[in-house]
Amino acid sequence: MATTTTAIIDRREGEDGKPIITYRFAGDRGVLVEYGEMEFDLTLNFFMLGVDAALQADPPAGMVETAPGFRSILVMYEPSELSASELVDHLRSVHDGLGSEQEMTIPSRVVHMPIAFDDTTSREAVERYIRTIRKDAPNAEGGTNIDYIVRYNGFRDREELYSAVLASEQWSAFMGFFPGLPFMFPLDPRQTIFVPKYNPTRTWTAEGAVGVGGPCVAIYPVESAGGYQLFGRTIPIYDIRQRNKVFRESPLFMRPGDRIQFHRVEEEELLQTFEDVHGDRYRYRIEESPFDVGAFLAWLPTIADEADEHRRRREAAAAATPVP
Amino acid sequence: MRTARVIDAGLQTTVQDYPGRRRMLAKGFFPAGPMDHFAHRAANLLVGNDASAATLEITLGNFRIRLESDATVAVCGAEAPLTVDGEAVAVWESHHVPAGSELALGVAAGPGFRAYLAVDGGFDVAPLFGSRATYTMGALGGFEGRPLQAGDALPLGESRANAARRRLPAASRPPYSREWEVRAMRGPHAAPDFLSESDMETLFGRPWPVDRNSNRTGIRLESHKFEWARTSGGIAGGHPSNILDNSYPVGAININGDLPVILGPDGPTAGGFVVAATVIHADFWKIGQFRTVGDTVRFREVTIDDAIAAERQLSATLAESTLETI
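Just so you know, the sequences run in chain order C and H. The opening position of the first sequence corresponds to residue 845 in the numbering used here, with each subsequent residue numbered one higher. The opening position of the second sequence corresponds to residue 34 in the numbering used here, with each subsequent residue numbered one higher.
Rather than coming from a laboratory, the hints here were simulated on the basis of the structure. Check before you lean on any hint, since a few could be wrong.
Unchecked claim - Here's a subset of chain H near chain C, in silico, CB distances under 7 Å, partners left out:
hint: 1; residue: Val39
hint: 2; residue: Ala159
hint: 3; residue: Gly163
hint: 4; residue: Arg219
hint: 5; residue: Ile268
Using N, Cα and C, we set each Cβ at its ideal position, and we do this for glycine too.
Turn these sequences into a full structure, and let the hints steer you where they fit.
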């Protein structure tokens, strides 16, 4: 167990096809458990989701809740019922009971969402930013973030960016920051988009706006501030008033493990769909489709060369592009 | 139905319950709840409520409310002149007030910044995801998801017939200050892997001024150039404070670039910055009493065993047996 001056409770080297596991104190009511090193590796996220599901199925008495991150789980507990060391022991047994990532199948849904690229509200958010926050931001040149995303990633034109967004399912890795907000990453590494965040951040973003920050794509659940570069708009993913059937069970639509497939529509159609969602006339297209991690990992090497080329082109373009 | 009507809402008054909205972190909800859980729990104890009953969190003061039913009330927290129909009454004590009484809380001169009004039966707004707490960042929960306004009619729960008036004795009330000391545990992302040992000495060694832009989402401190144990955040970003996004605990001392921020009950649940230390639960109430002009905070590093002992002591104070009957 820990001495008085360490944040790290324990660390176990990777074995049996499992990642390195690090246990850290997160105050006197939380333990943060991390998987692998700080790498952008979706398999760490898959492993985390497997652990989280096992933990939900067999929680130790006194565990209050878990809060996933990209490659970590924050486990909150009630210290009068459970100690940090008992919790860590329980986590160890959960980890031991799991197979390697390759053997996992993760409950997942394919969710089809319309997207209108370069919509009016995204342009309005950027225009407001130029007017009230910062007028010389390189990411806001021309009143849009889209040309900056194109430039930073070395795409030929806007259409090539839009194709990248449409060509891959977006993996919902975890939710957080704000109620209902999914942190998403493309499952196809040939379609990765990477871009620095706003500096400073924006004060207004429309509900349903879709943006990218770092390697992460997000949908804004409500009108809010934000720091991601905006490229389009989709339909509601959160409705506290539960006006559509999809929100009856929960006002939060997205779940970790969802795969979001965007389909391009014109803005006029998107706005009509927005109204139909609120009028309970629109039905969200959802397919239950468990995600086979082994099959995914077996597929990755078959496209590794193309993914590398995509990455090299992106990195060369990024190096020649100013940061906000 | 028993009700109370707001006459003057003051700077910011919200409905809060304890421990707030739990089991929603993974969906992006911080728990909300009272920023000072000690004063909230004390006020409930005095009027015979469970600690979980909803109270009003009153920021600074200048608050007036009319009880439209007979009630037992108590105000705990920052000292401010309290009157019932113009007559001065004591804080940290319960009072019986007849229907139609007007309760007024003046401005807290300091130390301290927030006071909690408990009414027997609690403020009975509709729970959302298991809690009545107002989550200001998400604009939900509490009364219509917002701070109170003049004219709001708040429903009260069923009356508790507790005849005796009670007081939390002065010796059991926590000391308030303009120079706060707050105990915190190192981590989750501290020295030696993220910050240097000398950074930790700085974090725990110096007084930090409280920034005026602090609120329920967080207490902003003062920018400081830490040395860091790394030169950059690697794939997570250019600044060494950047990490791949993860979830945060309430009370996290989050280093956003160069700026340390203590995450309050309405903060963001997740983000990509290190948390160098975490305020222990037994001391978290103090951040609700920080005034946003002129107060300073010094962090004192403690172990988990110290935190458990502190929690036990605090819980023992907030017990029926501590109260004096008046």
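Next on the checklist: Restraint: H:Arg219 near chain C, CB-CB cut 7 Å. Satisfied or not?
Outcome noted: At about 5 Å, which falls below the 7 Å cut-off, the nearest Cβ of chain C leaves the hint on H:Arg219 intact, so it holds.
Next on the checklist: Interface hint check: H:Gly163, Cβ to nearest Cβ on chain C, cutoff 7 Å. Holds or violated?
Outcome noted: Cβ of H:Gly163 sits 11 Å from chain C, so the hint is violated.
Checklist entry - For the hint on H:Val39, does the least C-beta distance to chain C fall short of 7 Å? => result Violated: closest Cβ of chain C sits about 23 Å from H:Val39, beyond 7 Å.
Checklist entry - Regarding the hint that H:Ile268 lies at the interface with chain C, is the smallest CB-CB distance below 7 Å? => result Holds - the Cβ of H:Ile268 comes within 7 Å of chain C, reaching about 5 Å at its closest.
Checklist entry - Does the interface hint hold: is H:Ala159 within less than 7 Å of chain C, judged Cβ to Cβ? => result violated, 12 Å
Violated hints, listed in ascending order, are 1, 2 and 3; each of the other numbered hints is respected by the structure.
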